[in-house]
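Asks: Make a model of the complete structure from these sequences and hints.
Protein chains: 2
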Amino acid sequence: MTINKFKGTRMLEVIHSPEDMFKLSRGIRKGGNSIGFVPTMGYLHQGHISLIDRARKENDIVVVSIFVNPLQFGKNEDLDRYPRDFERDYSLCKDAKVDYIFYPSYSDMYPEDFNTYVEVKELSEILCGAFRPGHFRGVTTVVLKLFNIVSPDRAYFGKKDYQQLQIIKRMVKDLNIPVEIVACPTVREPDGLAMSSRNRYLSPEERLSATYISKALFKIKDAFDRGASEVWRLKEVGLDVLNKAPLIGEIQYLEVVHPENLKSREYAQKGDVVAVAVFIGNTRLIDNIEL
Amino acid sequence: MTINKFKGTRMLEVIHSPEDMFKLSRGIRKGGNSIGFVPTMGYLHQGHISLIDRARKENDIVVVSIFVNPLQFGKNEDLDRYPRDFERDYSLCKDAKVDYIFYPSYSDMYPEDFNTYVEVKELSEILCGAFRPGHFRGVTTVVLKLFNIVSPDRAYFGKKDYQQLQIIKRMVKDLNIPVEIVACPTVREPDGLAMSSRNRYLSPEERLSATYISKALFKIKDAFDRGASEVWRLKEVGLDVLNKAPLIGEIQYLEVVHPENLKSREYAQKGDVVAVAVFIGNTRLIDNIEL
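Protein chains in written order, with my numbering: chain A, 40 to 330; chain B, 40 to 330.
Simulated from the structure, these hints should not be mistaken for lab results. Keep in mind that the hints are not guaranteed to be accurate.
Pairs count within a copy or across copies, as identical chains cannot be separated in the list.
In silico lysine-lysine, DSS-like type, Cα no more than 25 Å apart, as pairs [to be verified]: (1) LYS212 <-> LYS199; (2) LYS136 <-> LYS254; (3) LYS160 <-> LYS212; (4) LYS62 <-> LYS160; (5) LYS260 <-> LYS302; (6) LYS160 <-> LYS114; (7) LYS62 <-> LYS199; (8) LYS212 <-> LYS258; (9) LYS208 <-> LYS274; (10) LYS198 <-> LYS136.
Replies: Set out below in structure tokens:
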């Protein structure tokens, strides 16, 4: 099957079966058209839309997957309450001129005897990985599956999930996966909060408190730009802000790390990443900024 | 790049770099030609040649990889003394009308910061996996890499390494890898010994002793065909033969297992597999037979 589908003539189609999606993708590629792929867990926000827009610009066909991947949730995490709204997602994808939504069921992705895992060692064990054991193994496993099913030319990931991005880049390099990974900037609310599907968990008070997260990061960047480079000092600047947030819970980490190997630094360097994970009430939020 | 290379006009080329191999494969596929792939660790024997012949029949282009994969050897295993003879392999490939040998270096396949692994749980932990921890993780990781680099339509594996074959089939299914796995019969010496590159380790006395391995399997099959199905009884039949072998060392396992999930049986069924691993002197040999 050869698919010739050109810009401007598209309709949005929903594909459920991995086999159908694979045949479709192969047809698109055979027809000489490129595929841009945006893997998501649905409940789309402007961050996702920015990935779709970028994919739209750089490819002939855009595929968005919507799959809340149980493999990347821990036992006591928010799998069951993770927000879902397919109709809303469909409509957002339509507006964003997506060509195909790949929307598989759990059993399509993980048949009963499923038992194969892809793991990037070390990178998956630090920062968020230290607090969410198995999380990144779930991410890399599903992303590899999705890459094989969708066979995109390019796949788009937000820098909001910075560690995830680096882990996927490493997986792609280590396993010779023929997909170009495109990193896109974090999209923020006007008050600085990084967009995330999990923001909808926040009560109005928590939502207000959550703004301290990006404030802390901006203040650290500011201090760095003015010459501070000792990491203990930069962390102090950030913690001062975070500790002023009214409903802040556990601060899981606040680290200055190498942008690729994510190792902690003693002295911050230009291009390093400041990454943070905190609880606001029961909601775990992450954010980061590049120095 | 589009490659149009037709049967009868071929020359054998050696490709070292994964990037070159990938571009070449992509060109072949774009040109509408199919690729049959035979991954090997070199030191080719008639078993490999039978895989190549089958690949030759079913595909336009045949690629053989030669790579002694350190990742699948344990610390005290035979990585250093594993037999290598590229010139001989080249000449055998030429005679067998192979189109390309992919012959990467260690550092091409595993750059210094390599840290990603693919693992099929459970299946990799039993039989040989119980005695060679990490072995199958090394196999699945390199095979996935090779599949991504060579992007074959079909890949050919011998049933001699029966557990490996089932693990690769499971990996391909679980990770939606678009490669058809073709299983080929074990090729045996006239006296029944399964062909293996490791047979060259055997002294003449050991070589003679090694024939008892397949004798044991044939005798078990014979007993099964005549109506015996209790596995303890079938094992006894096999062990009686093995224990007569003059230079036999440790018998690591002799099991009757389900052909796909490789679980041990109490009562053998048609289609089950009898698998064995033994030491003859310092050489570990495996073999199996389908009931």
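Asks: For every hint, state whether the structure bears it out.
Replies: Against the structure, the hints:
1. LYS212 <-> LYS199: within (21 Å within a copy, 32 Å between copies)
2. LYS136 <-> LYS254: neither (34 Å within a copy, 66 Å between copies)
3. LYS160 <-> LYS212: both (14 Å within a copy, 23 Å between copies)
4. LYS62 <-> LYS160: neither (33 Å within a copy, 29 Å between copies)
5. LYS260 <-> LYS302: within (18 Å within a copy, 57 Å between copies)
6. LYS160 <-> LYS114: Both, since 21 Å and 19 Å are each at most 25 Å.
7. LYS62 <-> LYS199: neither (32 Å within a copy, 33 Å between copies)
8. LYS212 <-> LYS258: Answer is neither; intra-copy 34 Å and inter-copy 49 Å both fail.
9. LYS208 <-> LYS274: neither (27 Å within a copy, 49 Å between copies)
10. LYS198 <-> LYS136: Answer is within: at 23 Å inside a copy they meet the 25 Å cutoff, but 49 Å across does not.
Checked against the numbered hints given earlier, this structure breaks hints 2, 4, 7, 8 and 9; the rest are met.
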